[in-house]
Amino acid sequence: MTLWLAIVAVALVSIGFKAAGPVLLGDRTLPPRLAGVIALLAPALLAGLVLTDVTGPAWSGLDWTLCAGLAAIAVTYALRVPVLAAILCGVVVTAALRFLL
Amino acid sequence: MTTLRRSYLAGARVGLGLGVATFVLGVTFGAYSQTLGWGIAAPIVASLVVFSGSAQFAMATALAGGGNLAVAVGAAALINARFLPMGAAVAADLRGGRLRRAWEGQAVVDGSWVAAHLGEGRFDREKLIGCTLVQLPAWVLGTVLGVLAAPPPDVVARFGLDVVFPGFFLVLLIDELRRSRQAVLTAALAACLAGILVLFVPVGLALIGASAAALVGLGVRR
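Here the protein sequences come in this chain order: A and B. Those letters in the first sequence? Residues 3 to 103, by my numbering. Those letters in the second sequence? Residues 1072 to 1293, by my numbering.
Just so you know, the hints here were simulated from the structure itself, not pulled from any lab data. These numbers come from a predicted model, not from an experiment. Among the clues, some could well be false.
With the C-beta cut set under 8 Å, the calculated list includes, among others, these residues of chain A facing chain B [claimed, not checked]:
hint, residue
1, VAL15
2, LEU48
3, LEU81
Where chain B lies over chain A, by a calculated footprint (3+ residues, C-beta under 8 Å) [said to hold, decoys possible]:
hint, segment
4, 6 to 12
5, 54 to 67
Pair ranges (Cβ atoms, derived) [claimed, not checked]:
hint, chain 1, residue 1, chain 2, residue 2, range
6, A, PRO34, B, ARG1229, 19 to 29 Å
7, A, ALA80, B, GLY1190, 16 to 26 Å
8, B, LEU1155, A, VAL94, 35 to 45 Å
9, B, ALA1259, A, TRP66, 19 to 29 Å
10, A, TRP6, B, GLU1191, 20 to 30 Å
11, A, LEU14, B, LEU1276, 31 to 41 Å
12, B, LEU1087, A, VAL77, 21 to 31 Å
13, A, ALA80, B, ALA1112, 35 to 45 Å
14, A, THR4, B, VAL1272, 37 to 47 Å
15, A, GLY58, B, ARG1076, 35 to 45 Å
16, B, PRO1223, A, ARG30, 49 to 59 Å
17, B, ARG1076, A, SER62, 23 to 33 Å
18, B, LEU1286, A, LEU103, 22 to 32 Å
For each residue, glycine too, the CB sits at the ideal point set by N, CA and C.
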């Protein structure tokens, strides 16, 4: 029962968070300074997501083979390799390192 | 082909790339739920109605760790609090009355939001929706496969599939870094904040703390 209640509650919270901005703001645009902050939310959030994905809670999940795979993705994508090929490169590097070691 | 249709298709194309990562993560969520004894229906319904990997993992981890309902919902809410400013950011680019905007706002998920970002805080509505429309079935079908097949976690690790999700976030980050020097500065600051905060607080809180790096934008002249 707790599980189902949790699922319903988390769904409602999630839907509410996504709906709040569009409902309250409508088609009004944000003040320029706030828009400046929001424009930078994406790089901030993405950097945070990548870092916490790598570290895990309290840096307990740090795995250098995963870091090597991510480095391969960064290098290949920076060299203009298409997204899926770059990701595949990272997967192969990590899987190969884990297989060899 | 109309411009609108092209935008939807552009979103769907990005969504396909992200969908691969979303599908793999869905499989891991489905498989994880089986180790917790969730049964078949609960994880699939969760993926359908919550549609947020980070929140679902946070909720599952909290419940598995003996947390009660409030702790589990609180953990998921903290990690999803980022949807408040993200929803506010896209508000002006959505269409219709309040109810329709609330509905269209549901298309806000991390990958789609970033892919639809045109710069200067403006968003491509059709790209946002097109991208999410591909990711939702990928997420749910991945969960179904994870629930039914329940592959052991070491299979995901052995084939390096755990690289897929952070890998896609990394690719999106590189796209953002190409936009401006402020983006580079902000990302560096956010990474430092996340690295320090994650030592002391749960990942969800560390993410919110890292997002504070966007305050660099207050100093940007327009």
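We went through each hint and held it up to the structure:
1. VAL15: At about 5 Å, which falls below the 8 Å cut-off, the nearest Cβ of chain B leaves the hint on VAL15 (chain A) intact, so it holds.
2. LEU48: holds (4 Å)
3. LEU81: This hint is violated: LEU81 (chain A) lies away from chain B, its Cβ roughly 11 Å from the closest one there, beyond 8 Å.
4. 6 to 12: Three-residue rule met by the segment 6 to 12 of chain A, so holds; n is 7.
5. 54 to 67: Since three or more residues must qualify, the claim that chain B covers the segment 54 to 67 of chain A holds, with 9 doing so at under 8 Å.
6. A:PRO34 x B:ARG1229: 19 to 29 Å: For ARG1229 (chain B) against PRO34 (chain A), whose Cβ atoms are near 50 Å apart, the range 19 to 29 Å is violated.
7. A:ALA80 x B:GLY1190: 16 to 26 Å: holds (20 Å)
8. B:LEU1155 x A:VAL94: 35 to 45 Å: holds (38 Å)
9. B:ALA1259 x A:TRP66: 19 to 29 Å: Since the Cβ atoms of ALA1259 (chain B) and TRP66 (chain A) sit about 21 Å apart, the hinted range of 19 to 29 Å holds.
10. A:TRP6 x B:GLU1191: 20 to 30 Å: The hint (20 to 30 Å, Cβ to Cβ) is violated, given that TRP6 (chain A) and GLU1191 (chain B) are roughly 43 Å apart.
11. A:LEU14 x B:LEU1276: 31 to 41 Å: Given range 31 to 41 Å: violated, Cβ gap about 21 Å.
12. B:LEU1087 x A:VAL77: 21 to 31 Å: 23 Å Cβ-Cβ, so the 21 to 31 Å window holds.
13. A:ALA80 x B:ALA1112: 35 to 45 Å: With a Cβ separation near 44 Å, ALA80 (chain A) and ALA1112 (chain B) satisfy 35 to 45 Å, so the hint holds.
14. A:THR4 x B:VAL1272: 37 to 47 Å: violated (24 Å)
15. A:GLY58 x B:ARG1076: 35 to 45 Å: holds (42 Å)
16. B:PRO1223 x A:ARG30: 49 to 59 Å: holds (51 Å)
17. B:ARG1076 x A:SER62: 23 to 33 Å: Given a distance of about 47 Å, which is not inside 23 to 33 Å, the answer is violated.
18. B:LEU1286 x A:LEU103: 22 to 32 Å: violated (42 Å)
Of the hints listed earlier, those the structure fails to meet are numbers 3, 6, 10, 11, 14, 17 and 18, in rising order.
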